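**Student:** Work out the full structure, taking the sequences as your base and the hints as a guide.
As given, the protein sequences belong to chains E and H, one line each in that order. Under full-length UniProt numbering, read the first sequence as residues 1 to 162, first letter to last. Under full-length UniProt numbering, read the second sequence as residues 1 to 484, first letter to last.
Hint data in this document are derived by calculation from the structure and do not stem from the laboratory. Predicted model, so just to flag it, every value in this text is computed and none were measured. By construction, the Cβ of each residue, glycine as well, lies at the ideal position given by its N, Cα and C atoms. Hints may be right or wrong, so weigh each one.
As the list claims (entries may be wrong) - Using C-beta positions, here's what the derived DEER-type ranges look like:
no.: 1; chain 1: H; residue 1: Gly98; chain 2: E; residue 2: Pro43; range: 52 to 62 Å
no.: 2; chain 1: H; residue 1: Lys157; chain 2: E; residue 2: Gly64; range: 18 to 28 Å
no.: 3; chain 1: E; residue 1: Ala79; chain 2: H; residue 2: Glu403; range: 34 to 44 Å
no.: 4; chain 1: E; residue 1: Gly108; chain 2: H; residue 2: Ser99; range: 51 to 61 Å
no.: 5; chain 1: E; residue 1: Ala79; chain 2: H; residue 2: Ala212; range: 25 to 35 Å
no.: 6; chain 1: E; residue 1: Lys56; chain 2: H; residue 2: Arg108; range: 46 to 56 Å
no.: 7; chain 1: E; residue 1: Gly21; chain 2: H; residue 2: Leu118; range: 33 to 43 Å
no.: 8; chain 1: E; residue 1: Pro109; chain 2: H; residue 2: Lys213; range: 48 to 58 Å
no.: 9; chain 1: H; residue 1: Trp209; chain 2: E; residue 2: Glu46; range: 49 to 59 Å
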Amino acid sequence: MSHSDHTRDPCPWVILNDFGGAFSMGAVGGGIWYGIKGARNSPRGERFVGAISSMKARAPVTGGNFGVWGGMFSTFDCAIKGWRQKEDAWNAIISGFMTGGCLALRSGPRSALGSAIACGILLGVFEGVGVLMSRVFSEGQRPQMAPLPGAISPQPTSSSPQ
Amino acid sequence: MFSIISRSIPRRTLVQSARYYSKKPPVPPSPPKKKIKPTPQRQPETKATSAEEPTPKVSEPIPEPEQPAAITGVPTLDFSPPGTEQEYQRTGARSSKGSLSSSERKRRFASRVSLGLLALAFGAGAVYMGREWEPEELAAKKKKIEDAPSTRWARTKERFTGLFGFFVEPAWPELLPPPYPPPHQKPYTLLLSIDDLLVTSTWDRKNGWRTAKRPGVDYFLAYISQFYEVVIFTTQPSYTASPILDKLDRYNFYINYRLFREATRTLNGKIVKDLSYLNRDLSKVVMIDTDPEHVSTHPENTIILPKWKGDPKDKNLVAMIPFLESIAIYKPGDVRPILQRYAGKDIPLEYGKVEAEMKAKHIAEWQAKHKNSAGSGFSFGALLGMSDTPHRPKNVPPPTYLEQKRAEAQAQYQLEMKYVNDNREELERLLEQDQKAMQAQVPGSLWEAMDQLRGIEPPKPAADSASTVPTAAPTTQPPTPTKA
Numbered sequence: 001m002s003h004s005d006h007t008r009d010p011c012p013w014v015i016l017n018d019f020g021g022a023f024s025m026g027a028v029g030g031g032i033w034y035g036i037k038g039a040r041n042s043p044r045g046e047r048f049v050g051a052i053s054s055m056k057a058r059a060p061v062t063g064g065n066f067g068v069w070g071g072m073f074s075t076f077d078c079a080i081k082g083w084r085q086k087e088d089a090w091n092a093i094i095s096g097f098m099t100g101g102c103l104a105l106r107s108g109p110r111s112a113l114g115s116a117i118a119c120g121i122l123l124g125v126f127e128g129v130g131v132l133m134s135r136v137f138s139e140g141q142r143p144q145m146a147p148l149p150g151a152i153s154p155q156p157t158s159s160s161p162q
Numbered sequence: 001m002f003s004i005i006s007r008s009i010p011r012r013t014l015v016q017s018a019r020y021y022s023k024k025p026p027v028p029p030s031p032p033k034k035k036i037k038p039t040p041q042r043q044p045e046t047k048a049t050s051a052e053e054p055t056p057k058v059s060e061p062i063p064e065p066e067q068p069a070a071i072t073g074v075p076t077l078d079f080s081p082p083g084t085e086q087e088y089q090r091t092g093a094r095s096s097k098g099s100l101s102s103s104e105r106k107r108r109f110a111s112r113v114s115l116g117l118l119a120l121a122f123g124a125g126a127v128y129m130g131r132e133w134e135p136e137e138l139a140a141k142k143k144k145i146e147d148a149p150s151t152r153w154a155r156t157k158e159r160f161t162g163l164f165g166f167f168v169e170p171a172w173p174e175l176l177p178p179p180y181p182p183p184h185q186k187p188y189t190l191l192l193s194i195d196d197l198l199v200t201s202t203w204d205r206k207n208g209w210r211t212a213k214r215p216g217v218d219y220f221l222a223y224i225s226q227f228y229e230v231v232i233f234t235t236q237p238s239y240t241a242s243p244i245l246d247k248l249d250r251y252n253f254y255i256n257y258r259l260f261r262e263a264t265r266t267l268n269g270k271i272v273k274d275l276s277y278l279n280r281d282l283s284k285v286v287m288i289d290t291d292p293e294h295v296s297t298h299p300e301n302t303i304i305l306p307k308w309k310g311d312p313k314d315k316n317l318v319a320m321i322p323f324l325e326s327i328a329i330y331k332p333g334d335v336r337p338i339l340q341r342y343a344g345k346d347i348p349l350e351y352g353k354v355e356a357e358m359k360a361k362h363i364a365e366w367q368a369k370h371k372n373s374a375g376s377g378f379s380f381g382a383l384l385g386m387s388d389t390p391h392r393p394k395n396v397p398p399p400t401y402l403e404q405k406r407a408e409a410q411a412q413y414q415l416e417m418k419y420v421n422d423n424r425e426e427l428e429r430l431l432e433q434d435q436k437a438m439q440a441q442v443p444g445s446l447w448e449a450m451d452q453l454r455g456i457e458p459p460k461p462a463a464d465s466a467s468t469v470p471t472a473a474p475t476t477q478p479p480t481p482t483k484a
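**Tutor:** Shown next as structure tokens:
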């Protein structure tokens with residue numbers, strides 16, 4: 001099976017990448033979020049200390065949550081790719097469904113199903129928007145007819161051999 | 001603390017049990033169990049509705065037929081507040097269980113109406129989608145009325161799946177711009193894939209992705225582009241394929257057009273390079289690919305080569321040249337029967353045999369002719385299954401028509417290479433200029449990108465690009481984004 005996407009690592013390794021990427025995204029985002037929150041919740045004069053302690057307490061947790069989500073998603077994505085031997089939008093949708101379901105599994109099958117469907121729809125929307133965007137930007141890739149008698153002709157030798 | 005609790009709890013249980021015993025005969029044992037829990041909750045309620053309190057008192061003397069023992073029997077030890085008895089009396093008040101507030105009822109009504117409307121709309125849409133084909137619709141689909149699905153259900157299905165065509169079909173109905181006017185257009189189009197044909201990519205943990213050029217790929221592209229309009233058609237997205245192509249064809253001499261992922265079509269979940277969108281006469285199109293799945297719509301136009309996995313001694317790509325150039329030299333009317341004849345065979349080997357045979361025949365002919373000193377036309381095309389191409393054998397030199405043309409093409413290739421080597425600085429300069437102009441065209445901010453998408457051209461760069469002054473473009477454009 002050929003890997004069409006050469007910007008990412010092939011399958012088992014990409015899980016590590018995704019986990020780390022999602023963790024750092026969550027940690028940085030959570031750091032900003034809880035920094036502001038901590039500063040706002042502290043009394044005047046203690047704002048900086050409050051922001052730092054809030055960040056230290058909560059940002060790694062957020063990062064971990066994100067990381068679990070990303071790693072799980074990537075694992076499912078790889079498993080589904082290996083199983084279906086296809087690379088299309090359904091991979092992401094199915095793995096989003098599974099991830100959402102697995103993460104909500106402890107709150108019972110009903111809410112797990114609900115969360116799974118919500119996650120699947122979300123990923124479907126992401127994929128759809130991705131295709132839409134690539135379509136919009138692909139207009140720049142559309143083959144254009146080169147100007148014929150232009151200065152830079154496609155065949156330089158037609159003018160060169162003198 | 002503990003004493004209070006320990007005292008109060010037995011007392012309450014005593015009370016309950018006393019009540020229980022007093023009511024035991026008529027009532028089944030389960031209701032009192034239920035009652036134990038509600039009692040503490042009910043107490044405040046009864047105080048609030050003190051106006052109703054008289055009712056149970058009034059009704060108490062009226063002997064209920066079900067509970068004669070509770071009233072007529074031994075005097076009860078019931079100290080519980082009278083409100084708890086309410087359950088057993090009918091007050092005429094309606095339970096709130098089945099009833100809805102008016103706002104809730106309105107909401108439910110609205111939701112039912114909208115659901116009904118939605119279903120109605122779906123039904124109407126389905127019926128409307130099943131209508132007869134309209135002429136412009138058929139024209140857009142490039143189908144005749146006989147080919148289009150004829151039943152109502154089939155039309156509905158076709159139109160409905162057509163809604164998702166945006167995600168499935170190539171980005172443009174015609175992938176390539178129309179061919180050049182006659183003297184400039186090469187008669188045949190050669191479509192090449194990238195992966196495992198021109199290059200191959202490997203990944204390992206130490207180095208990540210690495211891409212290797214196939215042996216002879218530079219020569220292949222440079223040489224074959226004399227004969228064919230070379231188009232790269234890949235399933236890779238442009239952001240991974242473009243850098244590879246920029247390396248393979250640095251000055252944009254050999255590859256005429258590039259088609260990426262968005263030019264492919266998704267058919268039953270698989271990516272397919274559908275040539276019917278190509279905007280070229282398919283009898284003049286040769287596609288070389290390594291994956292039969294990608295060409296499943298047009299196998300008759302395709303040569304499937306085995307995948308190249310990085311063997312440095314590989315010669316398969318260069319070995320394809322004689323076959324391809326002979327097609328371009330003899331100019332058959334339709335390439336498809338020829339390609340089908342060679343389908344599944346080792347083309348270089350098979351074609352080599354044919355060419356050797358032709359050569360032997362040519363020599364025999366020439367020798368015979370030399371003896372008779374009489375000239376006669378001879379066609380090699382018949383051997384290839386092509387339409388007869390008139391061949392004028394030279395009287396003295398033995399090289400065949402094919403060899404002659406090949407020598408010409410090779411001389412031309414040498415000239416080209418010499419030109420590139422001699423003018424490398426100039427070409428590099430032009431390339432750099434081009435890249436700078438391109439960078440200036442790229443929107444600097446999100447707002448500019450939005451403007452471009454909406455088709456609003458930024459005023460100054462547009463004027464520059466229209467006049468196509470490449471030297472002026474890089475110098476004048478950088479200030480404009482800062483102003484805007």
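**Student:** Now look at each hint and say whether the structure bears it out.
**Tutor:** Verification of the hints:
Between glycine 98/H and proline 43/E the Cβ separation comes to about 53 Å, which falls inside the hinted range of 52 to 62 Å. At about 47 Å, the CB distance of lysine 157/H to glycine 64/E disagrees with the hint of 18 to 28 Å. Checked against the given bound of 34 to 44 Å, the beta carbons of alanine 79/E and glutamate 403/H, roughly 57 Å apart, lie outside it. Separation of glycine 108/E from serine 99/H is about 30 Å and departs from the stated range, judged on CB atoms against 51 to 61 Å.
For alanine 79/E paired with alanine 212/H, a C-beta distance near 30 Å keeps the hint of 25 to 35 Å intact. At roughly 50 Å, the beta carbons of lysine 56/E and arginine 108/H sit within the given window of 46 to 56 Å. Distance hint check for glycine 21/E and leucine 118/H: the Cβ-Cβ separation is about 41 Å, which falls inside the suggested range of 33 to 43 Å. Against the hinted window of 48 to 58 Å, the Cβ-Cβ separation of proline 109/E and lysine 213/H comes to about 54 Å, which satisfies the hint.
A beta carbon spacing of about 50 Å between tryptophan 209/H and glutamate 46/E agrees with the range 49 to 59 Å that was offered as a hint.
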